[in-house]
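K.L.:
Below are the chains, spelled out letter by letter.
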Amino acid sequence: MSEPVALSRATALDNNPRSRGPRLRGGARNLSPWTEYAIRRGGGVLLSLAILVVVTFFMVPLIPGDPAVAVAGADATSEQIDAIRHSLGLNDPLWLRFLNYVGDLATGNLGNSFAYSTSVTTIIATKLPYTAELALLGITAVLLISIPAGMSVGILTRGNRRKWLDVAFGMVTGFFQAVPQYVLATILVVLFAITWRILPAAGAATLTALILPVVGLSVGPICSISRVVRRETSTVLEQDYLRTARGWRLPALRLYARHTLPNLLTTALTLAGLILSGMLGGAIIIENVFNWPGVGKEIVTAIVNKDYPVIQGIILVLGFLAIVLNLLVDVILGLIDPRTLGGKRSNG
Amino acid sequence: MAKTPRTPGRRFRWTPGLLIGVVMMSVMVAIAVVAPLFLTSSAETLTANPSQGPSAEHWLGTDDFGRDVLARSLVATRLTLLMTVSTTIMAVVGGIAIGTAVWLAPAKVRNGALRLIEAAVAYPSLIFALLIAAILGQGTWSAVLAIAIASIPAFSRLTANMAASISQRNYVSTARLLGVPGPRIITRHLLPNMAEPLLILTATVFATTLIELSSLSFIGLGVQNPEYDFGRLLNEALVNIYSQPLQAVMPSIMITVTGLSAMLIGDGLAAASDPRGGRRHRTRRQASELPASLRSSADALVEVDNLTITAPTGKELVKGLSLSIRAGEVVGLVGESGSGKSLTAMSIAGLLPEELTVSARTLRVGDLDLLGRNDPRRMATEIGLVYQDPGTTFNPALRMGSQLTEVSRVHLKESRTTAVAKMVKALADIRITRPESRMKQYPHQLSGGMLQRAMIATSLVSDPKLIIADEPTTALDVTVQADVLRQFRSINRERGTAMLFISHDIGVVQALCDTVIVMNGGKVLERLTGADLAKGNVKHPYTKALLAATPSMSERKTELVALRSDAFNLDEEIEEVSP
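Sequence lines, in order, name chains A and B.
Letter 250 of the first sequence, counting from 1, is numbered 250 in this note's numbering, and no numbers are missing.
Letter 365 of the second sequence, counting from 1, is numbered 365 in this note's numbering, and no numbers are missing.
Among these hints, one or two may not hold up.
Computed list of lysine to aspartate or glutamate pairs in EDC-like fashion (alpha-carbon distance at most 16 Å, straight line) [said to hold, decoys possible]:
(1) K163/A <-> D514/B
(2) K523/B <-> E494/B
(3) K465/B <-> D299/B
(4) K539/B <-> E526/B
(5) K163/A <-> E354/B
(6) K425/B <-> E382/B
FYI, nobody ran anything at the bench for these hints, they're computed from the structure.
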C-alpha cells in the first residue's frame, strides 16, 4: 500500500539536484563535514519531532464528540462522565493539557487504553516486536533481491541491448506493483494455505507462519525498488566517470560492483528507508489478512473502538521510528557517498 | 515581456504500453458508467439463494445475502473510480497550489514551508491517513479526504522542486524583474512548463490512491455498508475465503486492471516525453572496403586509415578520416564542436558510445588492432587517456587514491602500498601539494586543475606509448590551462610519449603540436606543421577563419611566453578547497 507513494516521495527527495562537481571554495566555518551535517540534520529532526508531538496532541481535541463519553461507555450517568472528564484533565485549558502531554511523553507515559485497562506503553511494547519482525525480514528480502536484480537488468540491457528483457522486466514488475498488497496476500492464502495446505494461513504461532506475510509485504517493494535500481543503473552507466573506468579497462566485476553500485545506492537506500518506515506503519493490510498480532492490527481495532490513547500512542511511536530511520539512512548514505553531506537535499 | 519557451513540438509517440493502458482505462470507465444502470438490482437485491457456487444465472455465484457477485464487482467500479478521481484531484490541486505558492513566498517563509513539507513527507502516508480517518470517523468521504490530505505533502514537494528549477531559468527571472505579478508568473510560466511531468505524476498518484483507498475499505476503515467499492467487496470475500474463494476473484481482477492501466498510462506518458526514447544500437566495428587513401608507413605508432563513424540514423559523423602519429610526435586535432574530432579520438581509444558504427581500413595503435578485441591489460597500459571535464571524470563515490592507483593495482599487479607510494610521488612531481592527504580526499574536494593534473599523472604511471587528450584544458581556468599545457609539453620532451591532442582552440595546439590537423564536418580540411601555423602559413580559408577567431594573438603570445618560462610559478594555494 505504501510503496508507490514512497517511490514518489523518494523522487521528491531525489529530484533536487545535488551538488555535483567542485563546490565553492573555502567556507567561512571550518567545521568537519560531519559536524556541520549533525547541526543541520539535528535541527530537522527536532522540527519533525515537534510537528509529530503537536499533531498527535491535537488529534484528541479535534475529534468530534466527547472522549469522556467514549471512555465511560453508552450507559454512563452524567456524573460518571463528569468524573471521567475531570480525571482525564479534559476541563483544563488547552495549554495546560499540552504541557501535561509533553511532560508525560518525556517520562514515557502514553496514557491508558480506554478499551483495555493497561497502559498504552505496554500494548505497544507487546505488539511492536511482531511488526518489527515482519518489517525487518521484509526489507532484508527487498534489498537482497531488488538491488542485484535491478542492476543485472540495467547492465544486460545497456545501450538498448536485449530489448525483450527490458520489456519483460518492465511488464512483470509493473504488474506486481499494480496488484494491491491485500489482493496478493489473499491469493497467497488461497494458494498456499487453502489449496496446497503447505503453509499456515494466519497467526504467528510458528516460524513458517512468517513466510506468507513477509512475501506479501515485500513483493511490491521488490518490484518498485528493482525498477528504480534498473533505471539508476542505466543512468550511472552513461556517466563520464564510468567511461574513465572503462578507459582503464577494468574487469566487469570491478566496473559494476565498485564503480557503479555505490552511485546508485543513494536512491535505492533512500527509497528503502522510506519503505521500511512505511512497512512498520503499513504492515496494517498484511497483519489484517494474516491475523498477525502487530501494531497495524492494533491501530485498526483501536480506531474502530475509538480508543484514542492507543491511536495516539501508536502514531507517535511509528512517526518517531520513521524519523529515526530517515536519519539513519541519511547517515549511511553519508558514509557511502560523502557528497550527500553537502546538505543540498534538505533545503531546496 | 519575457516569453516562455516551450519544448519544440515533438510528435507524440504512442507506445504499446500507453495504448493498452488507455484502452483498459476506457473499458473501466465504460463499466463504471453502464454497469450501475443495468445491474444495480441483481447486485443489491437480497435473494433467497445465499452463498451459491457458479451457475448459469450467477456466473461467479452469490454472496452471503444472495446477491450476484459478478454484478456487485461491476457496479462497484463506479464508486471506486469516483473516489479515486476525487482524491486525485484534491491531492493534485492542493499539491500544485502549495508547491507553487511556496515559490512566490518571501525567502524566509519559503524555507520554513519547505522544511515543514519535508518533515511531513518523511512520515509514512498511511499513518497520516489513519490519523485523519480516526478524527473524521469511518466512511467514504472521510477516506477520500484522509488519502488526499496524506498525498498532498509529497505532491507539493515535487511541484516545489520543479518550480524551483524552472524559476531559475532566465525567462522567469526576467518576468520577475519586469514586475509581473506572482500568480501570473505561475499561470504563464511555471505551470505550462511543468505540465508534462505533472501529468505523469498525476497518473502515478491515481494508481497509488486507488490502491490506498481500497486498502482502507479492505481493513474496514473506508467505505461502510451498504455501499461497496472493490476494497469493501474483498473485505467481505475474505471472510468466506475458505468456502467461496471465487468471490474474491472478480474484485481482485478489476482493481488490478484499473491500477495497471493507470500505471501503464503514467509510464507511457513518461516514455513519450523522454526525447531520448527509441535511439541507440550497439557499436559495430568493421574493416572498411574502401581503398587505402594514405600510404601506410611502418614507423607510425598510430595509424588511422579511412575512418568512418556512422550515427544510428545513418548520418556519417566522420567521413573517411586518415591520420598517423609517429612515436614521440604530438598531433593536434582542431575544429569546432561537432566537427568529429572527439569521436575520432574516442574511436582510437576504443571508447565510442554504443550506438555508433565504426568502420576503417586500418585502426591501430602499435600492434593493437582496434577493430578487433584486445587484451584489456595492454589497452589500459599502452594508451593513456585524459578527458575534457575533470569534474565528471572521477567517480564521486570513491576516494582519489583508490581511483588513481586502480590501473597499477589491476593491470600491473602492484600491491596497494607500492601503487600508493608511486602515485604520491607522481602527484608530487606535478607539484600537487600535500599529495598524501589528496589521496584520501574525494573528487569533489579538489579543484578542477588539480583533478586534471591528477588524471595526467595517473595516465602516465603505466608509461604509455600514446596519450589521447580530449580537450583537456577546455573546462579549466586560463591560468590553470597554461600549467596543464606545460605538463603535456614536458611529458613529451622528457618521456618521448606520442600524443593526440584535441582542442577547438587553435592557439593552444600551435604551442604544443608538431602536426596540426584541421577538421570540419567530419573531414580533414588541412594538415599543417606547428611551425607553419605559428607563421600563419595556412591555405584553407576555414583555418584562416579559425586563426582570426582566436582572441587577441598578442595576449596569447605573452601567455605562451609564460608557458615556456621556467620561472613560471603557479600559486598552488589558490586552488585549494577546504576539505
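K.L.:
Which of the stated hints cannot be reconciled with the structure, identified by number in ascending sequence?
P.N.:
1, 2 and 6
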